[in-house]
Amino acid sequence: MSCAAPQDVDGRVSPSYGEIQNNLKPQAMTAAILTEGLSKTFGRTRALVSLDLEVPEGEVLGYLGPNGAGKTTTIRLLLGLIGASAGRAEIFGVDCQASPVQAHRRVAYVPGEASLWPTLTGAETLHLLGRVQGQVDPGYRDLLIERFEIDPSKRVRTYSKGNRQKLILVAGLMTRADLLLLDEPTSGLDPLMERAFRECVAEARGRGQTVFLSSHILSEVEALCDRVAILREGHLVEVGTLAQMRHLSALQVEAEFDAAVPDLSAVPGVSAVAVDGNRVRCQVTGSVEPLLRVLAAAGVRHLTCREPSLEELFLAHYGAAEPSSEATRAG
Amino acid sequence: MQAELAFHARRAARVVAVTTTRRAARSGALWGYVFGAAVASSAYGYARLYPTAASRAKLAASFSGNAGIAAVLGPARRIETVAGFTAWRIGVVLTVIGAIWGLLAATRMLRGEEDAGRWELFLSGQTTRRGAAAQAICALAGGLAALWAVTAVLTVAIGLAPKVRFSIGGSLYLAAALVAGAGMFLAVGAFVGQLAASRRQANLIGAGVLGAAFLLRMIADSARGLAWLRWASPLGWPEELRPLTGPRPLAFVPIIALIAALVGAAVAVAGRRDLGASALPTPEAPQPRTGLLRGPTGLTIRLTRPGILAWVAGLAILGLVLGLVAQAAGNALSGSATLERAIRRLGGQHGGAAAYLGVAFSIVGLLVSLAAAGQVAAARGEEAEGHLDHLLARPVGRARWLAGRLAIGATLVIVSSVVAGLAAWVGATSQHEGIGIGRLLQAGLNMAPPALFILGVGVLALGLWPRTSTPVVYGLIVWSYLVELVAAAVTTNRWLLDTSVFHHITPAPAADPNWTAAAWLTGLGLLAAVAGVAAFRRRDLVSA
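Heads up: the protein sequence lines correspond to chains A and B, in order. Count the first sequence with the working numbering and you get residues 1 to 331, in order. Count the second sequence with the working numbering and you get residues 1 to 544, in order.
Only chain A is shown next, with the shape it has when bound in the complex (with noise of 0.2 Å):
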């Protein structure tokens, strides 16, 4: 690792995170996306803080935030478009500050706003884009021309904003780049088209591509994704499978008896109590055991159990006023 150790509030050493990952696994691929402490700065507003993300080759990664929170930010660091205020940024082992081109060759980037050159066809762009990229797979490229019913006879000035969107999503699927970088690549798109979008996503991952999709439509990546990292005011705030934390939040329970509800604000791990009438509801952290057994005993009738859905671990993130320090260390 070339860049310097972090340091830990005291100034003593700690270990980098490539040491821990080589202690982890020693025989471990290079990331198809790597980033340390990596921000930026413009003027007075902090657009991204100090981003430490790992995304190993194959994953396909959903990367959700409101807008403004650092999604489109982090894609142009690590396209180098823009230069970090600190920290550093690989794309399958190449530094992307220092040498964009070298890493461009393995990557395909989807903008979520098509401004393309309205004086040539659709043809002609993907030609155009294809020769620039240097590696296109012309059959995939005529499915995928099928696929979203695109007319690249057309000038890209006739189209609409759908139809540009479409053009610019063919003009990066098409190179089966190693790594796609999405960055809301479905913005515009009508629900069939969106459809398409997400068999070429599985599709991708079929063929162990790996996936950076940045979004916020909750849907599409809890289709899509491995693995969810949550942004938030350019803080990462969470990142994990959706198992892990469905498992870490809490369950929702839902009871209701023949006879009256028992008391069950002491019951460990329970908490935010409604009873109605003969019904109760509650949220569950950690064992569901000690809840299972006062219902039980107290008689239940009817119980449902519900994971919260990612809209609900999404939201939960929005809540409080300042992300809290130690959980931009998720991962």
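Careful, some of the hints might be misleading.
Beta-carbon label-pair distances, calculated as ranges [claimed, not checked]:
1) Pro-254/B with Asp-142/A: 53 to 61 Å
2) Arg-537/B with His-216/A: 26 to 34 Å
3) Asp-512/B with Ala-98/A: 48 to 56 Å
4) Leu-258/B with Glu-113/A: 39 to 47 Å
5) Ser-309/A with Ser-543/B: 33 to 41 Å
6) Pro-306/B with Ser-219/A: 24 to 32 Å
7) Glu-385/B with Ser-219/A: 27 to 35 Å
8) Arg-44/A with Arg-538/B: 20 to 28 Å
9) Arg-538/B with Gly-206/A: 34 to 42 Å
10) His-216/A with Ala-265/B: 18 to 26 Å
11) Gln-135/A with Thr-411/B: 26 to 34 Å
12) Arg-46/A with Arg-537/B: 20 to 28 Å
No lab work stands behind these hints, which were simulated from the structure alone. No experiment lies behind these values; they were computed from the predicted model shown. Think of the CB as a built atom: it goes at the ideal place given N, C-alpha and C, for glycine as much as any other residue.
Position chain B against the provided structure of chain A, taking the given hints into account.
Below, chain B alone, put in the same frame as chain A:
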């Protein structure tokens, strides 16, 4: 309450007229000042440079019957008088400028507004398509009225000067003749804007009409026995109005008839076609042309080719025209001691046609510099619009992209300046003027170094402060030209004069080019460009 609602509804229905009239009138009035300034400079300049009857007779003798001059400026009538010279000197020039203004204003305010989607808001309200077009045309008529009014007031004021002495009626008539071209091409623009599929296409068709009309007029005015052909060209009619030299108001008949017919047709077509659609069949599904689309530099050539061709063709035509009139203008210069002194002060050593070309080529220098500035603005535009992201997110180096654009800009500068010199030689030689081709090629090339310097400064600004790059290059050109035009006449302060990039080149072919200064300008420009590319590699991309 009811009345108030009805009032608002009426206002809403006239919203196109209200918004467009204000813009058209402002634009028309602005150009009215330019027209007035042209009348003033022509009338006062003539009175000052040719104060005696003898010098005026000599001038008339050298210009009358010269076919090259007549092709450019129209037939010279009674140019031994202030009135005759003024009407002749500015007639064709202002008619063509007015026609270009009219064409662009009409397509902008009718088709441009429609293309930008602003009419959709109005048309979803109280206004019909036909009504919107009619209102916009009325507004353009307001713009034409403003152009005439300002021109007329200034011309009357100039005409009151004792050395000039135009009659008030003659001044008003002259103003009407000068704006006739603007009126006709406002109508042409309104009509072709309804036929074409976009403003760009409308401008192309309109420019074709203007070019054909100009060519016809050129032939009619220069070839003996073909004067009747003047009636076949709309640009010939304002000449036949003959302001200040024997007015023929009957020539207003075809002018007004043409305007009425085109306006009527424009309104009729506007009512029949869909918003954003074309009345002409549009060539859809063009064959993909991928020959140039192999990399960033090929893309730049593809995108800037129409502009590049227009600059080179424009400078070729300008060079040709300057060459055509050089001999006659040079002879006329010899008659004016004041002008000869002015040329000697600029560093000119040769007299006659070479002296005239030395002064006139400053326009070539200005235009070549503007072409260079346009290349800087286009490069910044690619970044601001977000197009550049698509290239730089792929394996394209920033230095490669910017260096490619720089090379294309430098090639444009050198080719267009050499072409201007070559065309000037062709024009001059056709009039049996004996200036050698070498001297005129050098005179053309002499105009490249300031433009190369501006290109380099533009790249430096693009690398350091991207949002300022376009204002910096255009500001530098305007400043330099103002220093040349104004300051050079009133001051000899070297520090001030040296801030003009144009001050460092000699008025070739009136003097020999100063290759040392040219090398300095080019070298400094190159240095600035290298620094600019280095800075561009390090900075963030910045959108508009």
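The hints, checked one at a time:
For the pair Pro-254/B and Asp-142/A, the beta carbons lie near 58 Å from each other, so the given range of 53 to 61 Å is met. Checked against the hint of 26 to 34 Å, the C-beta distance between Arg-537/B and His-216/A comes to roughly 33 Å, which is consistent with it. At about 51 Å, the beta-carbon gap between Asp-512/B and Ala-98/A stays in the expected band of 48 to 56 Å. Between Leu-258/B and Glu-113/A the Cβ separation comes to about 46 Å, which falls inside the hinted range of 39 to 47 Å.
Judged by the Cβ atoms, the range 33 to 41 Å given for Ser-309/A and Ser-543/B holds: they are separated by roughly 35 Å. A beta carbon spacing of about 46 Å between Pro-306/B and Ser-219/A contradicts the range 24 to 32 Å that was offered as a hint. Glu-385/B and Ser-219/A have their C-beta atoms about 32 Å apart, which keeps the hinted 27 to 35 Å range intact. The given range of 20 to 28 Å is respected by Arg-44/A and Arg-538/B, whose C-beta atoms sit roughly 21 Å from each other.
Between Arg-538/B and Gly-206/A the beta carbon distance is about 40 Å. The supplied range of 34 to 42 Å therefore holds. Remark: the range hint 18 to 26 Å for His-216/A to Ala-265/B is contradicted by a beta-carbon distance near 51 Å. Range check, Gln-135/A to Thr-411/B: about 31 Å between beta-carbon atoms, so the 26 to 34 Å window is met. For the pair Arg-46/A and Arg-537/B, the supplied restraint of 20 to 28 Å holds, since their beta-carbon distance comes to about 25 Å.
When held up to the earlier numbered hints, the structure conflicts with 6 and 10 and fits the remainder.
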